[in-house]
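J.: Line by line, the protein sequences give chains A, B, C, D and E.
Residue numbers for the first sequence follow my numbering, beginning at 1 and rising by one.
Residue numbers for the second sequence follow my numbering, beginning at 1 and rising by one.
Residue numbers for the third sequence follow my numbering, beginning at 1 and rising by one.
Residue numbers for the fourth sequence follow my numbering, beginning at 1 and rising by one.
Residue numbers for the fifth sequence follow my numbering, beginning at 1 and rising by one.
Since the hints were derived computationally from the structure, they do not count as laboratory data.
Glycine included, each C-beta is placed from N, C-alpha and C at the ideal position.
Errors might be hidden in some of the hints.
Derived DSS-like pairs: lysine-lysine, alpha-carbon spacing no greater than 30 Å straight-line [unchecked claim]:
#: 1; chain 1: B; residue 1: Lys-434; chain 2: A; residue 2: Lys-109
#: 2; chain 1: D; residue 1: Lys-172; chain 2: A; residue 2: Lys-378
#: 3; chain 1: B; residue 1: Lys-431; chain 2: A; residue 2: Lys-109
#: 4; chain 1: B; residue 1: Lys-434; chain 2: B; residue 2: Lys-97
#: 5; chain 1: D; residue 1: Lys-540; chain 2: A; residue 2: Lys-378
#: 6; chain 1: A; residue 1: Lys-219; chain 2: A; residue 2: Lys-55
#: 7; chain 1: B; residue 1: Lys-30; chain 2: B; residue 2: Lys-97
#: 8; chain 1: E; residue 1: Lys-167; chain 2: B; residue 2: Lys-97
#: 9; chain 1: A; residue 1: Lys-105; chain 2: B; residue 2: Lys-431
#: 10; chain 1: D; residue 1: Lys-33; chain 2: A; residue 2: Lys-467
#: 11; chain 1: D; residue 1: Lys-540; chain 2: A; residue 2: Lys-157
Some chain A residues well away from chain B (every beta-carbon gap over 10 Å; in silico) [to be verified]:
#: 12; residue: Arg-27
#: 13; residue: Ala-49
#: 14; residue: Ile-54
#: 15; residue: Leu-104
#: 16; residue: Phe-166
#: 17; residue: Lys-169
#: 18; residue: Arg-447
#: 19; residue: Trp-486
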Amino acid sequence: MSHLLSIIIAAPFVAALLLLPCRSTDRLLMRWISLLGSLVSLTGSLIVAWRYDIKAGGLQMAELYPLVPSLGIDIRLAVDGWGVSLLLLTGIIITTGVLASWTLKDREKEFFALLLILVAGVFGVFVCQDLFVFFLFYEIAVLPMYLLIAIWGSSNKVADAGPFRFIWKLFDIGGREYAAMKLTLMLLVGSAFILVAVIALYQAAGAHTFDMGVLGAFKYDASLQKWIFPLVWLGFGTLAGVFPFHTWSPDGHASAPTAVSMLHAGVLMKLGAFGVIRIGMMMLPEGAHAWVWAVGLIAAINVLYGALSAMAQKDLKYIIAYSSVSHMGVVMLGAATLTQGGWNGAVYQMFAHGIMTGLFFALVGLVYERAHTREVGKMGGFAQAMPIVAAFFTLGCLSSLGLPGTAGFVAEFLVFAGAWSGPHLWWALPAVAGAFITAIYVLRVTRDVFWGPGPSEQFHDLLDARKTELGALWILGTCIVLFGLWPRLLLDYIDPATTQNLAMATQTAQLTPTPATAVAAQAPPPVAPPAATAAVAHAAAGGGR
Amino acid sequence: MNFHDLQPMALGVLLAAAAALVLLTDLFTKPSTKPNLGWLTFGLLSAVLVASFTLDLRGEVASHVWRGGAWPVFLARLFLVAGLITVLGGMDHIARKWTYRQGEFYTVLLLCLTGMVLLPGARDLVLLIVCFELMGIPLYILTAFAKTDSGPKPVEAALKLFLIGAGSTALTVFGAALLAGLAGTTDMSVLVSSTLSPLQGIGTMLLLAGLAFKIGVAPFHMWVPDTYEGAPTPVVAFLSVAPKVGGFATLVMVLWQALPRLIHVWGPVTLVLCALTLTVGNLGAIAQRNIKRLLAYSGVGQVGYVLLGLLSGREFGVAMMLFYLAAYVVTNLGVFLVAHAVAEAGDGETISSFDGLGRRSPWLAMSLLLFLLSLAGIPFVAGFWAKFFVFVAAWRAGQSEMVLVGALFATVALFYYLGVARAAYVNVSAKTEKIVVSRALAGAIIACLLAVVGLGAWPSPVVEAAMAAARSVSGIGP
Amino acid sequence: MTAILLISSALFCAGVYGLLSQRHAVGVLIAIELMINAANLLLVGFGWRTGGAFGQSFALFTMAIAVAEVVVGLALILLMYRSRGDVQVDQATELAQ
Amino acid sequence: MNPLISAALVALGLPAALALLLAVVPKLRRTGKPAALLSILGSLLALSAAGWLAATWLHDPKQVLDLTTSWLPQSGKSMSQVGVHLDGISVSMLLVVAIVASCVQLFSLGYLSDEPAPALGRYYAYQSLFLFSMNLLVLAPDLMQLFLGWELVGATSYLLIGFWFTRPAAGKAALKAFVVTKFADSGLILALITLVAWTGSFSWNATLPAGGAEWLALFLFIAVMGKSAQFPLHIWLPDAMQGPTPVSALLHAATMVAAGVYLIVRADPIFAAAPHVRLFMTDLGAITALFAALIAMVQTDIKKVLAYSTCSQLGYMISGLGAGSLMGGYFHLTTHAFFKALLFLAAGAVIHAVHSNELSDMGGLWRKLKFTTVAFVIGSLSLAGLPGLSGFYSKDLILEAVHESGNPLALGLLMATAGLTAFYMTRTVVKAFFGKPSHAAEHAHGPGPSMTIPLLILLVPAIGLGWLAGPMSKLYGRSYAFHLDTIGMVTIALGLGGIALGWLIYGMGLLQALPRAFAPIARIANGSTVDDLWALSYSKLGMGLARAIAWFDRYIIDGLMNFLGWLFMWSGQRVRTLQTGNVQDYLYAVFGAAALIALWGGWR
Amino acid sequence: MSSLEISLYAVGSLTLACGLLAMGVRNLVHALLWFGLSLMGTAVLFAQLGASFLAGMQILLYVGGVVMLLIFGVMLTREHEHLGAVREVNHRIRAAVVSLVLFAALVMAILHTPGLDQAPGLASQATAGVTLDQLAVALLGPYGIAFEVLSLLLLATMVGAIVLARKRDPGEPTGRKPIGRQNLGKQRIEGLASPIIALPAAAASVAAIATVQAPTVAVQAQAPQTTEPAVSEHESPAEQPTDDTTDAPVDVAAAVALSAQGDQP
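Start from the sequences, fold in the hints, and give me the full structure.
T.: This is how it looks when you write it as structure tokens:
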């Protein structure tokens, strides 16, 4: 039983613990500890990618640690193709996040500790095969957000208008505590739904184990699936920025400090989408099949809605936050198509968008740190003062509008192809329109902020990215181009995993695989981790009549 | 009746002896040496706790009037832990504020604990009610212990508690009278098979109303916020925890043990009360400024979840309820002691007195955060397992809607818990000097912290013990 | 037997009425004593009906408890008098909202 | 590995490597001139490889070579291939691109000599990137890689137009160019996803379901309209002149805009099966040709004239392809690439000398810039379709094809355009080179050697390519025999008439009435109603909708969430005030509840 | 309707009337008196139901003890005259509604419950009732443990009541404010007097506890005097030595009164 996965999860956690004792004066030590923690995870995920045997596919490097045997809860780790790519993404984002927040001034000990705990949770979710521990890691990943935003965030004013004007007296809408509280509460309402779904699944599958393999293979009856799926979808969807519940993400990201919004938009939103697919679609085929039209419709709205509202924003961070909502819409759209191409595209988009948003928020952080304003109208002509930042921003823009040769294109194209060959043809149209609108507002922002004559007089200390930030930008930039030019680096991992997972999602749904993709309908049951100890069927299963 | 066949009740007897001992030593100690009365009580309590592990406490006393076994032992340990932490935490306060009446305080406290320890074993209605009163009446005394030293608040709190308590005792007695009278006996095991009749229904309801006062279930909870705010904090810590566990133990024995066939009567009522308690508890806490009132309402909210556990089945539900109570006892004591530490530093009891705690005393802020997270039910702290197990039990008993309602209210709860955490970490306060905490109080808080984190990381042993206790009360296990 | 039941119920409800409408603390105490007394009557009645000694012994215990409550109640009333100057129950609203 | 394929890989890989090198190593880029020389060396090597390939293909045109590897694996199999596909069409286009690109890069050395070193380095990085993406497009084995090259070319054009980013006009133009082309490219995306939905791969000669070809051709044509600046989507081409002139020469004359035509040629099997779309193409091409020619007549900026002329010539090519003659369209593309690049570079030399684009600042330059004048005159004559020069032959083929396809309307329009083209080219030549010299033209100085050599190189194909029509047709796999018929004669007459008319009006100053007759057209052109239409739709429709949705999101949906929060706070307040503090009320609550549940208990 | 029931109804309605009057009368002392009468009524009912010992206890304990105690309570807390012991009643309607609802529920249940009157024991022991020794055996047999726990309860009540009621803790110097821990040491010298007083107080409380324990132990032998503990708990303050301080007369009187009342066993 290899311990690689648990090392990846534990590394940030241990780094966080190591941070606590050191004094707040030795700033550099703290930074190096947190950087070390994230680097260990990054190299770990690289090793996982290296040692993952693509031919065999399925779940590998399984680990098992009992937690509450009497209820069948044990920490069960294993990684499949998807897990590899998402681990890699998380590793990259946390390393660049730590690099980008090198110049943080106040209380950096707690900041880095909370950040690392957050990322440990995220690592856990991607590799966990036990439904309960999946939910546990999910909660850990959500919780430090509150303190991170409330303490280190920044407030922005929102004019009070519209029918709910009287609420402005009670909350200071747009402030950082408001944003932190709204984010935490909405995500936790989501997790309340998930908790109910988790218990329902556990109970329906004989209430003796939480192992996802067993729960996934179990045939739940259709009516149960029909009402559990929306719970899972809304629960995880809130984190993935699904249409009506996305309102926390613009405020949350705009108020969060750089590294936090990088991590949150870059990785945490993927958690939501991953959850919907992993638990929603793979474990509840009939439910998925019944509700997939709604998921697709909302995702299509998401793309267009996010793009359009981004076009009208005046604050730099809000633009990028709304663009994340739009790109997450693409991910959900890919997932909703229930086709091979769609799912490949969805997972690839998770990776690509993660890198892109990470780069964007890092850059915006740099600009904000130097220009102390995020008002696009006030800024102009920054390219002269900071050419490198301008160059990377342009690269980020080109990737987010889906220019081939950047990771963004491959993902979006796969999703469009999947949507077009899937049952609901017309979903692809708003998605393509969304991609086009993204091109407009993204390039317009580049022109407003970076191009144009020289920076106006009020920005005097505009110096370019320094070495640590530069490192972060270089890592993200190369990822975008590398995975854009040669997508097989990642697709070789994602594709076999999609075939297997899709088989699970469509096997009981009598959904004949669409002719075009000629899915080889072999449905090997997911390789159960070796010799998982049969959970003790505890005596109290009888319960009260 | 000689000493030997009192073996199963050994814990109760020992505690009574301890009370007497403390009362006597109080006579001979000079005011200056009175503080080590606190340490004496602490020593005695830990001795009894150790005894609970070493002695064999199974078997029956006086022809099944009092039955030992896993159920009374589990609860006894819970009460003893609560007592230990209260004494340890409050020792400094008591010694300073009531130097001359410490002895009486500890005696009354020990007697109250005796009542609690004897309660779970009682299989006879009379013994049950007397133990219930032995648990209740000392609380009135303890609440008013600050007398008129610092303003009228403690007295008013005690008076409110007393008046409603006495009213509830009357209700309990009348209900018990009806039940016992109809069945023709006060022995609960016979009561089970008594003939069903509307009068018995009313008797059950009145009994339920009387017992529900002690736990602070919704319509009967009105005294909770005022008493918590008025009474001195260490007493409130004990008051918020131990009688609730005692009340629930009585409810389990009366409802599940004595009146299972009347489930169609008290089942729906308890469900309605549970929903009401959740709503009032969580909503009430949102707009609170005083930390103790907030914790009072949060306590009422938590009772809602425990009631949900009680409802969800005779064995698994009750087991999960016990685990929830264990987690609740430790967490609530911890939170109150932290609030006490902050109040002792002269800051008062409003939430804004917690401002900047993160800087002034990092470990206190960290423990406060962990306790709040445990109350809110966030992973890797005791509270999460508690809520989760209760939800599983409730789901298994078919209360799926209640689980959803409970989960949503947990989110509302997080709102006001985070409000306090925000005060500690986010707000900046003018005062920057460190908060100095007395050794005993610090020890108590750390003990709670270890328990909460320990339960969070490795809940299995307590889960097994709770299940054994549940089996023993429903007559299956020893 | 229904006679005893009716009378004790009536007494009990009288006690409840008194409890809710008294303003003086001692008045409340009286009401509570009356209610407990009704319960005792009921117990003795049932004891008489079934002939067992349980009724009367239970009544004895309840009496003891009732007296204990009165004692503590009076002590509290004394304290209240000392701290507030009056014993009006509905004026004691120091702890509110 | 077949040496030919390795040559193709060199042509593809070398510019990519150079672009990467210049981008990644800032120090190298900041050196300026050395970086430029490196890039020019790269383009020359690519040119030699292309030349060698063209030579081998000339004497064996049927040969087809492939080297591809899977790019997008999907459920085990590979959905799209990436690599090199060599056949007659791609090799010839490769040669054209290589020649023009190296000439432009050489020319830019002189033209941009006074740019600061880092900017020059950045310019040549973009140039190498462009060459790589164009080669990628040309050598594409399937429509996917073509699309890759297509979009990369669009991106580099955005970067190159916005090279002088300090100028707001350049920024606006770059954004406009990219957005319009991106809008059209969504058509190509739709085509691709339809193709993959039907056939599972992107190759253009896959069997399509009935009627499928029509849809596919339509989607492809939408993209072509955007890239090759056809009528409604041509608005970005004139603005693209903000970029440096060599860029206009390379991208917006010879190669990039021709990519659309290349796509139609490449995807010939699809278009062959789509008669309706081809008819539409012919008509649209003709209309664009005429419309652009009319506007070109009244332009005062020399680059704008050439831009509109390109737009008009593209219309020609597309209507030719629409009429079914692959040979005509593609051959015209090749010849046009050379003489239009020649014209642009010559114009560049003039602008470099006079430091202004306006024709009014020029005049009588033939004394100072003798060689440039010769180059410009030959170029314009070839464009006008003077028999003997390359322009005539390709234009004649197109006219014959349109005539044979039986489309009198289009034929008429195209004939008129031929005349107009000759007229406005003469007007430009006269205004710029002959006439009385303006103040700025006084002390203009001749272009340096680095600018004259490219002109010389481009002169050769501009003149001689017409005669090579035979071998070129073999390359394209089509038959060709030159024969002069009535259509040819009429066009020659129109061309000569146009030149004469131009000379009369502008050279001699006679018949001033005609220019005044053109005044209304001038107003339409400058007003460019189509342009405003697009701008209006963007600002009113686009931004309006965006602002509405942003407001809706912030105040309605977010408002609802806040309202929920407010509701809880409000109810919390209510519950709090329930606690009156009066024991009487508490007792009332307790006993009231007890009474109620007792009632219920009794009733059950 | 046997004769017993008729008499039961008669006395019962009488008791009820007194109870209602006790609750309704405006003047508190009158209320107390009516309350005493209603207690006596219950005692008569007990007698009718054969629980003669209980009737005795009722008279002794309730009427003698509780009512007297309450009267003293009222006297002690008599605020200045103008307020008077008046207790006018608010929310009267609300209280009436609640009690009537409860009463209706009870009556409905009573009427619907079958077999109330023809229970087995009714006819045979109508008169004899439960004999004394049966009661004693029950008290020490099955309810033995309850008995012991009751004694603990009374101990707790006693200790608590004393602590709350006394004005000054033994050993506390006369300074009004309770002194903090830190300056405890200084009190040593002039505080010497306090231990001298504390010693007899301690002895007295030991004696008090002994008396409480003794009867319970003794009573295990003979059943009847079980209720003493309930009465005797007031003895301990009696030995309270009269303090040397000149505190307000009221509380001294209270201490004396309390002890006096509790003396008649």
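J.: Run every hint past the structure and note whether it holds.
T.: Okay, the hints, checked on the actual structure:
1. B/Lys-434 to A/Lys-109: holds (19 Å)
2. D/Lys-172 to A/Lys-378: holds (18 Å)
3. B/Lys-431 to A/Lys-109: Judged against 30 Å, a Cα distance of about 22 Å means the pair holds.
4. B/Lys-434 to B/Lys-97: holds (23 Å)
5. D/Lys-540 to A/Lys-378: With Cα atoms ~23 Å apart, D/Lys-540 and A/Lys-378 stay inside 30 Å; holds.
6. A/Lys-219 to A/Lys-55: holds (28 Å)
7. B/Lys-30 to B/Lys-97: Within the cut-off at roughly 16 Å; holds.
8. E/Lys-167 to B/Lys-97: holds (16 Å)
9. A/Lys-105 to B/Lys-431: Since the Cα atoms of A/Lys-105 and B/Lys-431 sit roughly 22 Å apart, the hinted pair holds (cutoff 30 Å).
10. D/Lys-33 to A/Lys-467: With Cα atoms ~28 Å apart, D/Lys-33 and A/Lys-467 stay inside 30 Å; holds.
11. D/Lys-540 to A/Lys-157: Cα-Cα ~27 Å, so holds.
12. Arg-27: holds (17 Å)
13. Ala-49: About 28 Å separates A/Ala-49 from the closest Cβ of chain B, which puts it past 10 Å; holds.
14. Ile-54: holds (34 Å)
15. Leu-104: holds (16 Å)
16. Phe-166: At roughly 17 Å from the nearest Cβ of chain B, A/Phe-166 sits farther out than 10 Å, so the non-interface label holds.
17. Lys-169: Its Cβ never comes within 10 Å of chain B, the nearest being 15 Å, so this holds.
18. Arg-447: holds (38 Å)
19. Trp-486: For A/Trp-486, whose nearest Cβ neighbour in chain B is about 39 Å away, the distance exceeds 10 Å, so it holds.
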